[in-house]
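Heads up: the sequence lines are chains A, B, C and D, in that order. Start counting the first sequence at 609; every next residue gets the next number (my numbering). Start counting the second sequence at 609; every next residue gets the next number (my numbering). Start counting the third sequence at 306; every next residue gets the next number (my numbering). Start counting the fourth sequence at 306; every next residue gets the next number (my numbering).
One should not assume that every hint holds.
[What the hints assert, rightly or not] Simulated coverage check for chain B against chain C, where a stretch passes if three residues somewhere in it have a Cβ under 8 angstroms from a Cβ of chain C: (1) 641-651; (2) 731-744.
[Said to hold, decoys possible] A few chain B residues that don't get close to chain A, going by computed Cβ distances all over 12 angstroms: (3) Met609; (4) Ser612; (5) Glu619; (6) Glu625; (7) Ala654; (8) Glu658; (9) Pro661; (10) Ile671; (11) Met676; (12) Glu697.
Bear in mind the hints are in silico, worked out from the structure with no lab data behind them. None of these values were measured; they are calculated from a predicted model. The beta carbon of each residue, even a glycine, is placed where N, CA and C say it ideally should be.
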Amino acid sequence: MQVSVQEEGFEFGARAEAFAQANNAMGAIVTFTGIVRDADQGGLVAMEIEHYPGMTLKALTEITQTAMDRWSLGDALVIHRYGRLAPGEQIMMVATASRHRKDAFEAAEYLMDYLKSRAPFWKKEILDSGTTDWVAAKDSDEDALDRW
Amino acid sequence: MQVSVQEEGFEFGARAEAFAQANNAMGAIVTFTGIVRDADQGGLVAMEIEHYPGMTLKALTEITQTAMDRWSLGDALVIHRYGRLAPGEQIMMVATASRHRKDAFEAAEYLMDYLKSRAPFWKKEILDSGTTDWVAAKDSDEDALDRW
Amino acid sequence: MDVLYFAWVRERIGLPRERIETSATTVAGLVEELRAREDRYAAAFADLSALRVALDQELSSFDASLQGVREVAFFPPMTGG
Amino acid sequence: MDVLYFAWVRERIGLPRERIETSATTVAGLVEELRAREDRYAAAFADLSALRVALDQELSSFDASLQGVREVAFFPPMTGG
Chain A
609 MQVSVQEEGF
619 EFGARAEAFA
629 QANNAMGAIV
639 TFTGIVRDAD
649 QGGLVAMEIE
659 HYPGMTLKAL
669 TEITQTAMDR
679 WSLGDALVIH
689 RYGRLAPGEQ
699 IMMVATASRH
709 RKDAFEAAEY
719 LMDYLKSRAP
729 FWKKEILDSG
739 TTDWVAAKDS
749 DEDALDRW
Chain B
609 MQVSVQEEGF
619 EFGARAEAFA
629 QANNAMGAIV
639 TFTGIVRDAD
649 QGGLVAMEIE
659 HYPGMTLKAL
669 TEITQTAMDR
679 WSLGDALVIH
689 RYGRLAPGEQ
699 IMMVATASRH
709 RKDAFEAAEY
719 LMDYLKSRAP
729 FWKKEILDSG
739 TTDWVAAKDS
749 DEDALDRW
Chain C
306 MDVLYFAWVR
316 ERIGLPRERI
326 ETSATTVAGL
336 VEELRAREDR
346 YAAAFADLSA
356 LRVALDQELS
366 SFDASLQGVR
376 EVAFFPPMTG
386 G
Chain D
306 MDVLYFAWVR
316 ERIGLPRERI
326 ETSATTVAGL
336 VEELRAREDR
346 YAAAFADLSA
356 LRVALDQELS
366 SFDASLQGVR
376 EVAFFPPMTG
386 G
């Protein structure tokens with residue numbers, strides 16, 4: 609199990625490859641990567657991600673451990689960045705390895721649903737108009753937790 | 609949309625990175641990779657994957673196009689190998705890009721469920737005992753299609 | 306028409322493809338003809354529930370018509386992914 | 306105890322953390338004290354349904370007890386991933 613909260617970027621492809629190689633007895637590898645995309649109204653200059661340093665790693669570790677306990681996983685990886693990110697930059701990734709594709713998929717979706725709504729990160733959009741907007745939590749993200 | 613049926617190996621990490629970069633306006637990237645794993649009883653020397661050359665690319669293309677039509681995807685990628693593979697080698701991968709993680713996940717699961725049961729590949733396990741076993745289709749794989 | 310066999314169907318019959326002249330009008334009729342040929346065909350087609358068929362490279366069914374069909378393929382359930 | 310604010314709660318109150326001596330026994334009691342302090346606190350805590358609270362870095366609720374708690378954090382619903 610690998611969990612990282614970091615300001616610096618990470619190489620998604622290289623991390624995904626290393627994870628797949630390390631778990632090549634497993635059969636099924638799922639990855640998810642989140643990328644900073646433009647604001648709905650356009651004009652995004654940067655995304656600032658604030659977090660709660662004392663709590664973040666602990667929360668991510670608990671979420672990941674719960675996934676490891678609940679599904680039959682060989683390994684799980686979570687990386688989440690904070691700080692100022694440009695459009696197109698990778699914000700975070702998760703990866704799961706299992707003998708069964710269903711477990712690998714479900715665990716990755718679980719991790720994403722919990723990272724969205726239960727890990728202490730807050731996103732702020734910096735727009736070229738000079739305005740800034742805190743991204744509002746979506747009801748659909750809260751509702752997604754009902755599945756688990 | 610990228611679909612490939614090939615004997616040679618592919619670099620999962622490099623392909624995943626290139627796919628994520630090419631779709632970095634999308635927000636959500638999901639990948640799945642299948643790896644040759646040992647037989648349930650152990651002793652796997654190789655996995656031989658037979659396919660139906662005239663039909664395979666057409667079937668994969670239809671499955672992928674259906675996913676593109678059904679979910680809101682920026683792009684989708686499918687690579688599937690045939691021939692003789694050693695344990696630990698990557699057999700196939702799919703990747704999906706969407707503005708929404710739910711679409712990216714569902715489309716990737718749909719692709720996997722259909723590749724499992726509707727693409728003309730057949731796996732044979734070569735064991736160190738000298739015996740060979742055609743991998744039997746699982747009822748659970750057929751049942752997985754009911755979801756869609 | 307061309308008839309193709311894959312996986313253990315190919316192994317049981319002992320060849321990957323052959324050219325067959327048939328007056329059968331459905332896949333089921335063709336299967337009956339093949340079964341009557343030799344034991345290895347009878348063995349390969351013993352249990353149709355364990356087989357799938359494709360007509361001109363599209364999955365089809367055993368009650369489908371062979372009219373206009375140029376290529377028939379028989380194989381076990383697929384195990385890709 | 307230490308009280309921490311994040312995201313727009315931090316911006317509205319104008320500071321990221323402060324040390325507070327309180328006799329409140331629940332989070333809701335602490336919120337009442339803070340609201341009574343100044344308008345910026347009243348504004349930040351106007352709608353509790355838009356806020357979340359963590360006690361000693363674990364998500365909690367507004368009716369939770371403050372007994373033994375060393376760190377309280379207030380923030381909007383999280384938007385990770």
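Evaluated hints:
1. 641-651: violated (count 1)
2. 731-744: Satisfied; 5 residues make the cut.
3. Met609: holds (19 angstroms)
4. Ser612: holds (18 angstroms)
5. Glu619: Violated: least Cβ distance 7 angstroms, not greater than 12 angstroms.
6. Glu625: violated (2 angstroms)
7. Ala654: holds (15 angstroms)
8. Glu658: holds (19 angstroms)
9. Pro661: holds (26 angstroms)
10. Ile671: holds (15 angstroms)
11. Met676: About 19 angstroms separates Met676(B) from the closest Cβ of chain A, which puts it past 12 angstroms; holds.
12. Glu697: violated (8 angstroms)
When each numbered hint is compared with the structure, violations occur for hints 1, 5, 6 and 12.
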